[in-house]
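Student: Quick mapping for you: the protein sequence lines, in order, are chains S and V.
Going by numbering that gives the first Met the number 0, the residue at position 18 of the first sequence is 17; the numbering climbs one at a time, nothing skipped.
Going by numbering that gives the first Met the number 0, the residue at position 51 of the second sequence is 50; the numbering climbs one at a time, nothing skipped.
Some hints could be false.
What the hints assert, rightly or not - Among chain S residues calculated to face chain V with C-beta under 10 angstroms, some are: (1) 3; (2) 7; (3) 13; (4) 21; (5) 22; (6) 76; (7) 98; (8) 101; (9) 104; (10) 116; (11) 120; (12) 124; (13) 141; (14) 147; (15) 166.
By construction, these hints were calculated from the structure, which means they are not laboratory data.
Glycine included, each C-beta is placed from N, C-alpha and C at the ideal position.
Number of protein chains: 2
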Amino acid sequence: MSRWEPDARGRMVAAALELFAVQGYDRTTAGDIAARAGVTERTFFRHFADKREVLFSGPGSLDEMVTQGIAAADEDAGPLQMVIAGVRQAAVELVEVRTREQAAERARIVEATPALRERELLKMATMTAAAQAALMERGVAELSAGLAAHSGAAVFQTAFSRWVSGETDLDLPESVDEAAAALRDLC
Amino acid sequence: MSRWEPDARGRMVAAALELFAVQGYDRTTAGDIAARAGVTERTFFRHFADKREVLFSGPGSLDEMVTQGIAAADEDAGPLQMVIAGVRQAAVELVEVRTREQAAERARIVEATPALRERELLKMATMTAAAQAALMERGVAELSAGLAAHSGAAVFQTAFSRWVSGETDLDLPESVDEAAAALRDLC
DNA sequence: GCAGGTGATGTCAGAAACTGTCATCACGGT
DNA sequence: ACCGTGATGACAGTTTCTGACATCACCTGC
């Protein structure tokens, strides 16, 4: 028998999700989460750089999916088409990992907590930067790549928001298509 | 003579700017800033909700300028034109308050510090939400308003970044025009 | 003038978020 | 059987942020 139960990280993530949901982020201490997961507070901070990160430590980050999708996009597509392809790819992979219910629960917590919202925005900015770099890798000029990457992020955020809130009955990838079409109409 | 020197807040902002510039955000404690400003740490936290906020407490927030600019936009303009008008308005008012040098120095500090970058992204998201609300106030549908607001934010961020980095010789409002034109070309 | 209210500040105690350091001890290989 | 490794615990310490109360120049009304 092991000295410690396995998957301490997974237990901490689950504990944090439950505690944040029932008593809120602010009234949940890192020690609370650790105790519920059967470890010490010190161990919590060994696994997560800070208290917020426990909700943002998925194995596959969006960055790679988007970057991959851009790299695989059609050769003669414009920057916007490429980044939409990347974002759609990320959407497809996201629904394979999480149910709409899970995503909605997590989104509810993040939305209710400014500190968590900040972290989410930073992750999104990182994804945007990665998308811009991937576009430039394919020969798009810096200015256009930046704007296209931001547009892609906007499409993703919009599609995700509508998906988890139930404003649309579409699944996430189709919601991305819908938002992308709306963006095209805008110009 | 007063019991205390006037403009404690201004002294704290100046002290923070100097200390962050020379020794970095992380190695500057709230107590350091307070001491250099001639007040106590407790007074620092009475003026600023947290340590980061000392760099984000300008009197005129971008929200209002953008909102105002959208409200004043041409009647028969599309959503994107309206939000660009709002962003341009914010750009005009920003250059009246800060020189390019000041903006660049501050941007350097924020860029170098993830914690500050998070706060900046949150402010930008707040501005985006305000822009979306202003657009909806003028009859734009929620979906279009959200995407247009995000596009406006992208234009502003891009223009600002190019302005402070010196990638363009244009002044900020003209840099906004340039970025807006590039966005139009994208579609 | 002067009594009392007001507001900005100081002082102090304390919770919570992290960080550094060292000890422990199952496990896996030699 | 021995030793290195890696994850964890234990503990002290710093920093961020909050609550409670005291202080005292300034203003206001009388």
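Student: Against each hint, give a clear statement of whether it holds in the structure.
Tutor: Structure-based check of each hint:
1. 3: violated, 31 angstroms
2. 7: violated, 26 angstroms
3. 13: violated, 25 angstroms
4. 21: violated, 25 angstroms
5. 22: violated, 22 angstroms
6. 76: Since the shortest Cβ distance to chain V is 12 angstroms, the answer is violated.
7. 98: violated, 24 angstroms
8. 101: violated, 23 angstroms
9. 104: Hint violated; residue 104 (chain S) Cβ to chain V Cβ min 21 angstroms, cut 10 angstroms.
10. 116: holds, 7 angstroms
11. 120: holds, 4 angstroms
12. 124: holds, 6 angstroms
13. 141: This hint holds: residue 141 (chain S) lies near chain V, its Cβ roughly 8 angstroms from the closest one there, short of 10 angstroms.
14. 147: holds, 6 angstroms
15. 166: Since the shortest Cβ distance to chain V is 8 angstroms, the answer is holds.
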